[in-house]
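Colleague: What follows is each chain in one-letter form.
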Amino acid sequence: MIPEIGHYALVLAFALSLIQATVPMVGARNNDATLMGIAGTTALAQFLFVALSFAALIACYVTSDFSVVTTYENSHSAMPLIYKFTSAWGNHEGSMLLWVLILATFGALVALFGGNLPATLKAHVLAVQSWIAAAFFLFILLTSNPFARLPQAPLEGRDLNPLLQDLGLAVHPPLLYLGYVGFSISFSFAIAALIEGRIDAAWARWVRPWTLLAWMFLTVGIAMGSYWAYYELGWGGWWFWDPVENASLMPWLAGTALLHSALVMEKRNALKVWTLLLAILAFSLSLLGTFLVRSGVLTSVHAFATDPLRGVFILAILVFFIGGAFTLFAWRAPLLKQGGLFAPVSREGALVLNNLFLTTACATVLVGTLYPLALEALSGEKISVGAPFFDMTFWPLFVPLLVAMPFGPLLAWKRGDLLGVTQRLFGAFALALVGLAATFVTTGGPILAPFGIGLALFVISGAITDLIERSGIAQHRSVGLASRRLSGLPRSAWGGALAHLGLGITLFGIVCESNWATERIAAMKPNETISLRGYDLTFEGINPRRGPNYIEQVGTFIVRSGGDEIGRLQPSKRSFAARGTATSEAALLTRGVSQLYLSLGEAAADGGVTVRFYHKPLVLLIWLGAVVMFFGGLLSLTDRRLRIGAPKPAQPKAAALAQAAE
Amino acid sequence: MGRLRAILLSLTLLAAAPAFAVQPDEVLPDPALETRARALSQELRCLVCQNQSIDDSDAQLARDLRILLRERLKAGDSDQQVLDFLVARYGEFVLLRPPLAWHTALLWLAPGLLLVAGAFAIVLAARRRSKPVLTEPALTAQERARLRQLMDQESS
Numbered sequence: 025m026i027p028e029i030g031h032y033a034l035v036l037a038f039a040l041s042l043i044q045a046t047v048p049m050v051g052a053r054n055n056d057a058t059l060m061g062i063a064g065t066t067a068l069a070q071f072l073f074v075a076l077s078f079a080a081l082i083a084c085y086v087t088s089d090f091s092v093v094t095t096y097e098n099s100h101s102a103m104p105l106i107y108k109f110t111s112a113w114g115n116h117e118g119s120m121l122l123w124v125l126i127l128a129t130f131g132a133l134v135a136l137f138g139g140n141l142p143a144t145l146k147a148h149v150l151a152v153q154s155w156i157a158a159a160f161f162l163f164i165l166l167t168s169n170p171f172a173r174l175p176q177a178p179l180e181g182r183d184l185n186p187l188l189q190d191l192g193l194a195v196h197p198p199l200l201y202l203g204y205v206g207f208s209i210s211f212s213f214a215i216a217a218l219i220e221g222r223i224d225a226a227w228a229r230w231v232r233p234w235t236l237l238a239w240m241f242l243t244v245g246i247a248m249g250s251y252w253a254y255y256e257l258g259w260g261g262w263w264f265w266d267p268v269e270n271a272s273l274m275p276w277l278a279g280t281a282l283l284h285s286a287l288v289m290e291k292r293n294a295l296k297v298w299t300l301l302l303a304i305l306a307f308s309l310s311l312l313g314t315f316l317v318r319s320g321v322l323t324s325v326h327a328f329a330t331d332p333l334r335g336v337f338i339l340a341i342l343v344f345f346i347g348g349a350f351t352l353f354a355w356r357a358p359l360l361k362q363g364g365l366f367a368p369v370s371r372e373g374a375l376v377l378n379n380l381f382l383t384t385a386c387a388t389v390l391v392g393t394l395y396p397l398a399l400e401a402l403s404g405e406k407i408s409v410g411a412p413f414f415d416m417t418f419w420p421l422f423v424p425l426l427v428a429m430p431f432g433p434l435l436a437w438k439r440g441d442l443l444g445v446t447q448r449l450f451g452a453f454a455l456a457l458v459g460l461a462a463t464f465v466t467t468g469g470p471i472l473a474p475f476g477i478g479l480a481l482f483v484i485s486g487a488i489t490d491l492i493e494r495s496g497i498a499q500h501r502s503v504g505l506a507s508r509r510l511s512g513l514p515r516s517a518w519g520g521a522l523a524h525l526g527l528g529i530t531l532f533g534i535v536c537e538s539n540w541a542t543e544r545i546a547a548m549k550p551n552e553t554i555s556l557r558g559y560d561l562t563f564e565g566i567n568p569r570r571g572p573n574y575i576e577q578v579g580t581f582i583v584r585s586g587g588d589e590i591g592r593l594q595p596s597k598r599s600f601a602a603r604g605t606a607t608s609e610a611a612l613l614t615r616g617v618s619q620l621y622l623s624l625g626e627a628a629a630d631g632g633v634t635v636r637f638y639h640k641p642l643v644l645l646i647w648l649g650a651v652v653m654f655f656g657g658l659l660s661l662t663d664r665r666l667r668i669g670a671p672k673p674a675q676p677k678a679a680a681l682a683q684a685a686e
Numbered sequence: 053m054g055r056l057r058a059i060l061l062s063l064t065l066l067a068a069a070p071a072f073a074v075q076p077d078e079v080l081p082d083p084a085l086e087t088r089a090r091a092l093s094q095e096l097r098c099l100v101c102q103n104q105s106i107d108d109s110d111a112q113l114a115r116d117l118r119i120l121l122r123e124r125l126k127a128g129d130s131d132q133q134v135l136d137f138l139v140a141r142y143g144e145f146v147l148l149r150p151p152l153a154w155h156t157a158l159l160w161l162a163p164g165l166l167l168v169a170g171a172f173a174i175v176l177a178a179r180r181r182s183k184p185v186l187t188e189p190a191l192t193a194q195e196r197a198r199l200r201q202l203m204d205q206e207s208s
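Here the protein sequences come in this chain order: A and B.
So the first sequence is numbered by the working numbering: it starts at 25 and just counts up by one.
So the second sequence is numbered by the working numbering: it starts at 53 and just counts up by one.
There could be a bad hint or two in this list.
Said to hold, decoys possible - Covered stretches of chain B, as calculated for chain A (at least 3 residues, CB under 8 Å):
id, segment
1, 141-152
2, 163-170
Said to hold, decoys possible - In silico DMTMM-like links for lysine to aspartate or glutamate, alpha-carbon gap of 20 Å or less:
id, chain 1, residue 1, chain 2, residue 2
3, A, 361, A, 493
4, A, 361, A, 564
5, A, 438, A, 493
6, A, 406, B, 77
7, A, 291, A, 441
8, A, 549, B, 77
9, A, 549, B, 78
10, A, 406, B, 136
11, A, 549, A, 564
12, A, 549, A, 630
13, B, 126, B, 136
14, A, 291, A, 224
Don't read these hints as lab results, they were simulated from the structure.
Every residue, glycine too, gets a C-beta built ideally from N, C-alpha and C.
For reference, chain A alone in the conformation it holds in the complex:
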């Protein structure tokens, strides 16, 4: 009964989405408030029905109802409850349902908090949002029904892929989808603006919080996935330039560019057409990512051809929305008026530079990801484009961006003073140089490493300089006034500085990990000790242990530093009977923001074992930086000027302070 309720709720949601996709459009055309008002109601109802459908799916998994095909294929009655829960979206059908749930959630949020939007804009945005929803509902109902039943219910399920039996699955896909799908709102706003043929600074102000929200989730979603891969896959890598990773990086790059260009549009009424284009691009890349991951085209062009229905369906959705959006753009964008002149050296100019490098980097990743597929489809030649290619092409585009980053926020709008800004960044330069020299002297390691450290320090201290400059302490020499000005700063100013700081922190972690991570590979016998970077690792022994749905061999190792025991590492090898597969669970020991990482290899008959032991200096900074970026976004989001809901004019006192500080 429950699966049928879920299925039926999904059908109803589809029907509602068709109403929401058409009726408000008619209403907006005829300026009929009643018809336009339907958009909000249907958006909420649609959300409720998708939520009901999703809840039904969760219920099937939690109760281990193996009469449902996907439950049978991806769940097991002995799994811990949390994994029964998360395995609902650990497969194609369930993850698509999660996708539309989040899409409907964003639609409902616009319906709830979009009270300050002009009626026609709100109607158009929700209608466009519902076109996307309708397409994906149809996709799920026709090709990927998560509620399909088996004629006879098997006694036991085939278990979830062991690699996915991890907390990462609970956190990573929902966060990533919140980011991916969140860009649909920016997309819908862009299409609505094109349909109405009107776009102004107010539009940018409405779009920014939604874009920011999506960007925040995508940032932590990617970081979470990276950390998950780092500890789960067992060889300590955290970014592989895998097509699936690239699929999430591309919308992030485009979304980051969009955040910055929307800033120019809001403040200076310039870059309108470009901002629209980026809003379309960011979501198009999200759709492309969904296609790449969900169609199986990545495995090989041939795998795609053997089960073509799903792939072709998503491809059709892709072509319809991306093609349609760009056609509409080409047709209507020339009608939009450009405003706001600025000199090349100005805040706007810096943001244009930011956009140039971000979009080129994004395009590079796109070309690298799709080139092998295109080449194979066209000429049959098979080539690989992997990490060495991306490292060689991505960083040369990203480094100039990072160098320019501290300058941007310090430049004035309209016309900036590059020399003045350079002088104000003197402290940051000095710090970067000291860091560079110190790294060079102490390590003498890879030649690029000191420059990486210098750059990261420059970005970090540049973000701090931004705040110091805004406090005006250099001019007034008064701590009281400076702290008053800082607390009076708009939260978006703090947010921006914090986000830049976060990127600097991530960069610092990346430079340290990729240059100074060390590893030992060894075959160890009980009571044998190996050393790495001052840490002594002693192997105690290996013991079997029984988990809820697996048996594991757990190795016990003691870590000593200077003779004192500082911790125990218990990496294991698990074998899952239901699937006949094995996983290797690495053990981590965190020291400050550095980590010791131990993973287990083959066990020998004599009680010995092979291990891979890593020291990863400052590796946690990579992900902590992303968390800082997230909080920067959150702080911006609480800015009264951007707050979702009714923006009220700032109170005179706060406004005066903010103006003085800017």
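Take the given structure of chain A and dock chain B to it, following the hints.
Modeller: Same frame as chain A, now just chain B:
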């Protein structure tokens, strides 16, 4: 992100008994040679895996390739000779960094071309935008007279 890759990875685990990337018995005694071997193996694709280098992969084939590569290095091959040898055997598919050739020209040139094209477009757009300001029509004689009149009033 890790999902598809995880699933595919588990498929390769199914295919080959779970082994381990870079086994202790593979490591060469000569540290300089071993460093070269590690660097090289990060450039080579494990042919049965999804976008993994043979350095990362725990598939049996990756192990065979790692051993083969070390044998070539011990025999005195240069890095390029090792790569050429493997390409001759397995095709260009084995290289994670494709060589610059006609069929990869677009791939390698794309970043540079796109950057230049983008910069060009920005310059063009900036020029076009600033043009209306430059070609602001000059005041007509009538307007100038009116302006003078207004200014005279102001000063008097």
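Colleague: Each hint should be assessed against the structure and marked as holding or not.
Modeller: Hints versus structure:
no.: 1; hint: 141-152; verdict: holds (count 8)
no.: 2; hint: 163-170; verdict: holds (count 4)
no.: 3; hint: A/361 with A/493; verdict: violated (35 Å)
no.: 4; hint: A/361 with A/564; verdict: violated (73 Å)
no.: 5; hint: A/438 with A/493; verdict: holds (19 Å)
no.: 6; hint: A/406 with B/77; verdict: violated (32 Å)
no.: 7; hint: A/291 with A/441; verdict: holds (19 Å)
no.: 8; hint: A/549 with B/77; verdict: holds (15 Å)
no.: 9; hint: A/549 with B/78; verdict: holds (18 Å)
no.: 10; hint: A/406 with B/136; verdict: holds (16 Å)
no.: 11; hint: A/549 with A/564; verdict: holds (9 Å)
no.: 12; hint: A/549 with A/630; verdict: holds (8 Å)
no.: 13; hint: B/126 with B/136; verdict: holds (16 Å)
no.: 14; hint: A/291 with A/224; verdict: holds (11 Å)
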